[in-house]
Amino acid sequence: MSNPTDNRDYSTISPSAKALLYLKGLTSIPFAKAAAEQMMLPDKYEPDFSLRDFGFWTRVVHFESRYWSLDYLLASTGAKNVLELSSGFSFRGLAAVADRADLHYIDTDLPEVIATKKQLLEAIKPELKGTLDVLPLNALDEEAFRKTVDRFPAGEVAIVNEGLLMYLGLTEKEKLCRIIHRILSERGGYWITADIYIKRANRDRLMMNDQLNEFFKQHNIDEQMFESFEEAEEFFNKNGFVVDKEAVPDRDKLTSLTYMLQSATEEQLNDLRSRKRIQTSWRLKIAP
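According to the working numbering, the sequence shown is numbered sequentially starting from 114.
Possibly wrong hints are sitting among the right ones.
Said to hold, decoys possible - Pair ranges (Cβ atoms, derived): (1) D161 / E380: 44 to 50 angstroms; (2) P249 / D215: 34 to 40 angstroms; (3) L164 / E380: 17 to 23 angstroms; (4) E225 / D363: 31 to 37 angstroms; (5) E287 / L374: 27 to 33 angstroms; (6) D384 / G282: 28 to 34 angstroms; (7) Q232 / G191: 30 to 36 angstroms; (8) S387 / G268: 22 to 28 angstroms; (9) G282 / E240: 38 to 44 angstroms; (10) L382 / R313: 15 to 21 angstroms; (11) S189 / E287: 24 to 30 angstroms; (12) S141 / A236: 19 to 25 angstroms.
Note that these hints are calculated values from the structure, not bench results.
Glycine included, every Cβ here is placed at the ideal spot set by N, Cα and C.
Model the full assembly from the supplied sequences, consistent with the hints where possible.
Here it is, written out as structure tokens:
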């Protein structure tokens, strides 16, 4: 009998990738602004750095920090084979292979996202030293997942994702864990994920606007987050992984932080300082 999740339509998630690109275009994240400019055509992409909206800039800082957290965890692995799942309109792979001739990076997402991404890449026309493949992949399709991994030469694999688990129910998360566990058991390597989000009742006061609220409700995102970081670690332990390393935020990389601080009142900053974190990024490995 087929798993009911096999027939789920994930295409409704894809529009969020475009919205996130426009946010990242306000930062120094590689190729984000160039891609946002191409995506916006024939209209002009005009970032408004004069905007004084604390909630808006808080969201930008969050996503900018989340992006860099994966680079931080990936850098120390020395991985030469990297597979990114659900990459959206992020160009981490492009930035990586532009600098490293020894790197094979496979960038994946759903077919409609990948089709658009290839058009953006053609417009940006980067020079590459390493190998970049941009391919459609449903990460819950194990046969397709294996065929994608088989494109790599021999050696360990680093599997990376930024913005995937919160869209998956428990059964889907467990299925993804099983697939990745089997792959890493055979090849060796790491799973690096920025998707360690915990629930918080007052999330909408800071991070949310009406559009995000509606998107969260449509995809049951809050319900699919972890109750706590302890529960998240227990979940991965149960599925055969241990936390190898946790990302350390680097404020110096956050070009949007200046605009957030300029937009904040003292009360808003004090409120922000008093809050517990709602997200972290982990590097996972197979449990011994």
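Return the numbers of the hints above that this structure violates; sort them in rising order. 1, 2, 5, 8
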